[in-house]
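**Student:** Read off the chains here:
Number of protein chains: 2
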Amino acid sequence: MNVKVGLKTHVLENNRTQAAMLREKFAGRTLVVNMTGSPGAGKTSILEKIIPELKKELQVAVIEGDVQTSRDAERIAKMDVPAVQINTMGGCHLDAKMIAGCIDDIGDMPDILFIENVGNLVCPAEYDLGEDFKMTVLSIPEGEDKPLKYPGMFRNSKAVVMNKVDLLQYMPYDIDKVEKEVRGIQPDIHIFRVGADAGSAAALSDWLKEELQEKRR
Amino acid sequence: MNVKVGLKTHVLENNRTQAAMLREKFAGRTLVVNMTGSPGAGKTSILEKIIPELKKELQVAVIEGDVQTSRDAERIAKMDVPAVQINTMGGCHLDAKMIAGCIDDIGDMPDILFIENVGNLVCPAEYDLGEDFKMTVLSIPEGEDKPLKYPGMFRNSKAVVMNKVDLLQYMPYDIDKVEKEVRGIQPDIHIFRVGADAGSAAALSDWLKEELQEKRR
Chain C
20 MNVKVGLKTH VLENNRTQAA MLREKFAGRT LVVNMTGSPG AGKTSILEKI
70 IPELKKELQV AVIEGDVQTS RDAERIAKMD VPAVQINTMG GCHLDAKMIA
120 GCIDDIGDMP DILFIENVGN LVCPAEYDLG EDFKMTVLSI PEGEDKPLKY
170 PGMFRNSKAV VMNKVDLLQY MPYDIDKVEK EVRGIQPDIH IFRVGADAGS
220 AAALSDWLKE ELQEKRR
Chain V
20 MNVKVGLKTH VLENNRTQAA MLREKFAGRT LVVNMTGSPG AGKTSILEKI
70 IPELKKELQV AVIEGDVQTS RDAERIAKMD VPAVQINTMG GCHLDAKMIA
120 GCIDDIGDMP DILFIENVGN LVCPAEYDLG EDFKMTVLSI PEGEDKPLKY
170 PGMFRNSKAV VMNKVDLLQY MPYDIDKVEK EVRGIQPDIH IFRVGADAGS
220 AAALSDWLKE ELQEKRR
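If you're matching them up, the sequences are chains C and V in order.
For the working numbering, add 19 to where a residue sits in the first sequence, where the first one is 1.
For the working numbering, add 19 to where a residue sits in the second sequence, where the first one is 1.
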C-alpha cells in the first residue's frame, strides 16, 4: 500500500508543477474555471445558459473533457465560441498536462476559460488544472446526501451551482439543509440556484464577471 | 505515456487474479451483483426496493463502497441484512483486493451478494470484483446522452436499471431512444424501468432470482 500512496503523491506532485506553469500563463489575463460534477449534473447546460450572456462583452473559450465522445464540445461550438475537446480515453479526470497540451489550440487567451471536467465527483477534486477555482454543479435529483458523501469536491470548490431547482416541487429535497451542509464543509463557498430557464443563471454570470475584474485588479 | 499504460495493465492484471479467486469462492453458491452508476443515480434506493422482496426467501448481504462515509451501509442495515462498509479513502472505485479483505466479515455466504460500487461511471467499469455481472443504474434526470458518453460501463453490464421513470413526465427524455442506444452498445443487456413505488422493481427481483437459479443449475 505504501508503494501505491507514494506513486500517487508523485503523480500529484508532477501535476502541481505543470499546473503552476499554466497558472503563470493565465496570470492577470484569463479567469479559468474548472467545472466539476456528476455525470448528468448539467455542467454543459450551465455553460449553455451563461455563455450567451458572457460573450456579449467578453471573450469566452471552453475546453471540454470527455471520456471518449465530442458531444459536449459540439454543443458548445454551436454558441460560436472556441471549444477544444480532450478525450481522456477512459481516464476519469483531466490533468494539467492534458490542458497544457491543448491550450494553444484555443488561439488568443480569452477573458474567461471554462474547463469542463469529466463527470465524476471523486478524482477531479485532486487535480489542479491551473484554474482560479473549481465550480461544482450539483443537481437536485442526485439526492440530498452528495455533499457529505463527496466532501473533497466541495472543500476544494469556490462555487456550487444547485442545478435543476425547478424539480424541487416533484421530490423530497430540503435545499436549505443541503446548502447548510455545503457551507459546513466549505464556509466561504458561493452558492447559486439555477433552474430550467436561462434567466435563473444571471447571478452566476454576474459573479463570474466580478471574479474576472477582481483577478485583473 | 507507455509507463503509465504499462502500470495500469499491471494493476488490472493483479486485480483479475484476485477476482478469479473470489469467483471461485462464490462458485455454485452466491450470485454476486456489482452495482454501478453515477452519484445519485439511486443504487441504494434500488436495493431498498428489492431487498425486502428477495429476503423473504433468500439470504441477502451487501458490501457498500463509499469514498468516506457509512451512510449507505446504515440505510441497508435498517433492512436487517448483513451490510459491510468499505471506505476507499478517496479512491473512485472498488477493487477485488478490497472485497477479499472484507468478505469474511459478512459471515456465511449469502444467496445473493450485492456490491454497491462508488458512484462513478468511468473507473468501476474496468475492475472485476469476482461478480457474476455488473448492473448499472441510470437515472432519467442524468439526461439522454449518458450511454453514448460512458459506453464502457454499459458494454460491461448485463443489466441496466432505468431509474426514476416517474420523472419522465417533467422533462424531455426519449426513453425508447436511450434504451435502443444501450442495446446498440450491449445487445444482450436486460433493461428494467423502475420508479418511485417499490412495486415497480418487481420484475428486477424476479430476474435476479432466475439468475441465481441459473447459476446453481
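It is worth saying that the hints were derived from the structure and are not from the lab.
Hints may be right or wrong, so weigh each one.
With the C-beta cut set under 10 Å, the calculated list includes, among others, these residues of chain V facing chain C [to be verified]:
| id | residue |
| --- | --- |
| 1 | 60 |
| 2 | 169 |
| 3 | 217 |
Where is the CB? At the ideal position from N, CA and C, for every residue including glycine.
**Student:** Each of the hints needs a verdict: does it hold here or not?
**Tutor:** How the hints compare with the structure:
no.	hint	result
1	60	holds, 8 Å
2	169	holds, 6 Å
3	217	violated, 16 Å
Hint 3 from the earlier list is the only one contradicted by this structure; the remaining hints agree with it.
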